[in-house]
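Asker: Dock chain W against the given chain U, drawing on the hints supplied.
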Amino acid sequence: MGAPLFCRPAELLIRGAHVLDPRAGIDTRQDILIRGGHIAELAVPGSIAAPDDCDVVDGTGKHLFPAFVDPHVHLRTPGQEHKETIATGTAAAAAGGFGAVIAMPNTSPPVDNASVLRALAQTADREARVPVGFLAAITRGQNGQELTEMAELREAGALGFTDDGRPVVSAGMLRKALQYQRVCGGVLTLHEEDPALSAGGAMHEGAVSARLGLAGIPSVSESTMVARDAALAIYERGRVHFQHLSCRESVAALAAAKEQSALVSAEVSPHHLTLTDESVRALESSFKMNPPLRTEADRTALVQALRSGLIDCVATDHAPHATHEKEVPFEQAAMGTTGLETAFAALFTKLVLGGELELSALVERMTAGASLFDLPQPTIGPGQLASVCLVDLRAGWEVGGRGYVSRSENCCFHGQTLRGRVLLTVAAGAVVFRAVSAALPAALTAVK
Amino acid sequence: MSGIGRHLLSIEDLDRAGIERILDRAESFAEVSGREIKKVPALRGRTVVNLFYEASTRTSSSFELAAKRLSADVVSVRSIGSSVEKGESLKDTVQTLSAYDPAAIVIRSPHVGAAALVAGWTAASVINAGDGKHEHPTQALLDVFTLRRRLGSLEGASIWIVGDVLHSRVARSNILALRRMGARVTVCGPPTLLPREIEALGCEAKPSLEGLSQADVVYVLRMQQERMREAFVPSLREYVQRYQITSTHLDARQLLMHPGPVNRGVELSADAIDSPRALISDQVKAGVAVRMAVLYELLVGSPVLEAVA
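Taken in order, these protein sequences are the chains called U and W.
All the letters of the first sequence, read from the start, carry residue numbers 1 to 448 under our numbering.
All the letters of the second sequence, read from the start, carry residue numbers 1 to 309 under our numbering.
What the hints contain is simulated information worked out from the structure, not anything from laboratory work.
Treat the numbers as computed from the prediction; the structure is a model and nothing was measured.
For each residue, glycine too, the CB sits at the ideal point set by N, CA and C.
Watch out, some of these pointers could steer you wrong.
[To be verified] Some but not every residue of chain W turned toward chain U, in silico, with C-beta under 7 Å:
#, residue
1, 91
2, 111
3, 132
4, 134
5, 169
6, 195
7, 198
Same shape as in the complex, but just chain W:
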């Protein structure tokens, strides 16, 4: 039996069987998303709270849509315009929202470990939608879902994660998820943007794109403009020269991924983004089905796949 607990705080909460079970469930929900009426009654009468302390388009909208397609009542709270702005602590906000007896709280926070703290303060299931630079497990699950659809299996696949690994929760969750699925992971970027001892996560670290042709998948991270101001790299121009992925880097066999939003012309050239090797829109599409699967597995969790049909 695959291990899926009450919360999804980290990819470490899931073993390989747990990941596969969520992906299998997501496949059946992807089918629902293809229907004219894209809704199932699985969470009717239950409440899902989205608590977002950081700007988010994709993650917050896809969680909201996922919960609604499962027929849950959805409350979305953003730090702007809420009592958080008045200085309410995370604990007090969570306890207030818990008074509505939600089945799940989805939380995005700029702080490492925030989701785990919330799990200690509420009876609801807690889903980490990004906690600082720590983890973004549902992003990793939708990335693995997208890759599994394309490759069949990730066993032995070589995946390069390129860019600002230091500040990336997506990178950390993906390294863990991809390793659990049997892939080999290499992180690559300017040495100033690779965490010291990142190899302890089970990946290789490279300071240049040399060897990229060995990769089956090139997963490019967003390069934030503020990293220039913080002097992590000498200039955007030099970063582009040394680390931008263009279509010339990619052969017909290789796949290209990016968690979005893309800085067109920075980490990716326009021709790479628009090339048929890019899975970027597949990733976005997978977001809803995978988040439906996560909500379903945490809140309903019936092992019978047909139960949702």
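So that you can see chain U by itself, here it is in the shape it has in the complex:
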């Protein structure tokens, strides 16, 4: 089988876009020439002549960012390909401006041994539109009883370990994983939830759950576990990453942990940064996720923590589910929302245009997941393997209005009009996404 078209190294000249790479310290209009998949030249607009064999894109009025990196996606392969595949999930990533993603191991079977991981990596080599990193399970079958063969999984390419979807309930088990991490390395990536407090819950515990009669998932079911596991990690000098923090109590626990250890990091998802449990009142199942949407005070605390850098990065927790798994009463509905295609636009519209976060901070946090997991950090600079996205910040678009690239439609932003449209994504040196209407004048799609 030949290499897919999108693996061809890009030969591309992007003219006159506003290049913003906070890490590289670039925030100005530039021409950028990509040759053989690498950034060949950055120069003042109009100064680079287009080579004959080169695609030319007019970037006037658009922004060029380092491609985003998502350290938390569910590609559902193997075993749940009716929700998503590596091909469809990474195509959705490319459409959202992502140049790399990290896939969770809670598949069927879970990624808890090297043979599953190797097979998966081979599938990704064939099908993935953007580079995919894999986490492996911390415990066999993600049952919380026995450690996986962590060292062998690392040799097979696991970036780290997680039982995501569920917590490591036993402190003793997590401690063993932290001890074994000294042998094999890799980030221990933690879904924090105490099931003794959260079991049976369908949404945040608070005024809205009281009104609806839904069993609640209290904030402390997350924050007590963040505090517990931070204490264990500090004690064992381990490297831990807290997934999808959702409440202000967890932010406080994270702050306390970071005071004591530089080996602690954390992520937050676009939906927790932009929505609250008020959205659940209508009992629309696309607002059902775990951890749940919480209160405005929680949302504000998360935004502040992201802005200050206390929370290191944005992660979508892209969690596709088939329609029949969501078109049921709220309590029975599967948990999760898709997020790859909407992450940037949702955060740009709600936080940047809303005045809560600077654009440069958003771009930094949407790319920071790479270095946390020892992936190449996308940087715009001469000689770099090109990993960039071109975005029209003025363009408005209706989420789901033209369908989704993902195989699933369970998006919590469905139907909303968002600003910021990804026009072009280059990942690992290849053009992996180009919007159909990228050639249309901006005036046609711009929001008045």
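Answerer: Only chain W this time, still in chain U's reference frame:
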């Protein structure tokens, strides 16, 4: 003009005028129930589907009777013995039943929001006969009907709802309906059985019966045995000691209500149940007239009261 929409999914679908209109209509149907031939032709030729996914005696029988007294054709489907047992989804069941072109679907489900989902899948009017722990609007309407008959007006009345509020759809619909009618509501029960932030619904929350003498109405909820197993309270014995309503709690002015079925000797003592202050059988009787009124208002909805006579 009072707002009564196409469906009755939540008490929030009704404003005070809408509630009063249903209660007024129910008064005229209560008169029909007193006649020798307890039937009016209002829904002749129309079909009402009762879709019950949960055990129910009172609600299902009174809806069935209400529809029949309005001369509707009634189809009752229960999850046991139906294709639901074979794994048919709610959506497919509703679409199948909708093929019979029913005027109304009455649904009882163990799941919050089920009635609202059904309303999105059918052209029929949908009546929520209980959706999980969320709401049971017709129960609240018949309770308000019963109280209005006794008190005249609920304006300023103090109503205590006592017991397992956490798991009670009756409590939630009643808090909303009673507040709309101008009553003051206090919920009372073990803190383990009071939802966090329940005050957001516009009620007070109390962990003990202290102050109960201020109540005009004591509305007692059913205490399910399984809550003991789930360790919400230490023992039935302690629950009875601290929260059971007996006739000694009630003075001659106070009224006692319960949605049924009663656990005699648990949330209510036998002497309280049998006391003249208890409106429990009035509530059951009101069920048919109020559900006739709901069906009529949703499906016919003529503002002229005399139209049914």
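Asker: None of the hints should be skipped; say for each whether it holds.
Answerer: Results for each hint:
no.: 1; hint: 91; result: holds (6 Å)
no.: 2; hint: 111; result: holds (3 Å)
no.: 3; hint: 132; result: holds (6 Å)
no.: 4; hint: 134; result: holds (4 Å)
no.: 5; hint: 169; result: holds (6 Å)
no.: 6; hint: 195; result: holds (4 Å)
no.: 7; hint: 198; result: holds (5 Å)
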